[in-house]
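Undergrad: Each chain, written out:
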Amino acid sequence: MRISLNRIKSIEDHLLKKNSSEEAVIFEAKLILDPGLEKDTIAQQLAYDVIHLCGQDQLRSEIARVEKTIFHSPRYKGFQKLIQSIFN
Amino acid sequence: MQTSVIFDYPGAHVDMNTQMSMTLEVTAETREELITRLYEISFPAVARFIRKQGGTLEEAKDLFQDGIVIYYEQAVRGSTKIQSGESQYLMGIVRHLWSRRFNEMMKLEPLPPGVTPLEDDRQHHPSINALTKFLRESGQKCMDLLQAFYYDKISMDKVAEKFGFASARSATVQKYKCLEKIRDNVKKNLMSYEDFFE
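Top to bottom, those sequences are chains U and G. Quick note on our numbering: the first sequence kicks off at 1 and runs consecutively. Quick note on our numbering: the second sequence kicks off at 1 and runs consecutively.
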């Protein structure tokens, strides 16, 4: 792997707590010595947050699609009647 | 001791240890079946509960959607300890969400007439949601790969298979390349916040 990818991996190991306590101490020291590493670490955490939001958005749209089908398709008439009876 | 229980729909597996912790591994194709099954089995009980609390069908649907998201995220992460069935577990989440929403509503006092609410500060900055939309549009393939690994917690072997890589190793290298791309885009888009890196 090229150097920049190794750097991403080491940031990931730190952020996702995959490294040993010894490696964690070394990383913390590098953070102090290398301001660029701190910026990259903050940006990488944001990247994980964005990935999480994208994953959640996709899951929510799949849920909404299923909900639409189950509440409107004639295939689920029994289910729809049951739910209607609860709210009537 | 690890045992593996195969659910009654293809592709979904639940691994349980003696403490009944649960790991759910669902592929995109089977996720729809999982969601459908959750609606069929668990939604009627949730609807009865919300009705009993004086809520509406829309509120029941809303909370159930949130409940599925929480359930899914905990299950794929393997952090869910399910003592009873998934229906009861999902019901527990919805009960919690309902009481939280109810408590929040009770705390909110109506504003006096003529007073307009404060604007949300986030409206003045590019929101993370806009950034998410931009990143998704600018690199869907990378985002799909990253989501599969980081959000759906699919193993690297299965990610390699799903995305057509020769090995888990080459999928891992691609994953880091994609992460670098997303990270650099995040940096470019958020650098404008003066306080972000200061």
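Hint data in this document are derived by calculation from the structure and do not stem from the laboratory. One should not assume that every hint holds.
[What the hints assert, rightly or not] Calculated cross-link-like contacts (lysine-lysine; reagent style PhoX-like; alpha-carbon spacing at most 20 Å):
(1) U:39 with G:177
(2) U:68 with G:61
(3) G:181 with U:77
(4) G:61 with U:30
(5) U:39 with G:61
(6) U:9 with G:61
(7) U:30 with U:18
Undergrad: Each hint: holds or not?
TA: Evaluated hints:
no., hint, verdict
1, U:39 with G:177, "holds, 18 Å"
2, U:68 with G:61, "holds, 11 Å"
3, G:181 with U:77, "violated, 47 Å"
4, G:61 with U:30, "violated, 49 Å"
5, U:39 with G:61, "violated, 41 Å"
6, U:9 with G:61, "violated, 40 Å"
7, U:30 with U:18, "holds, 17 Å"
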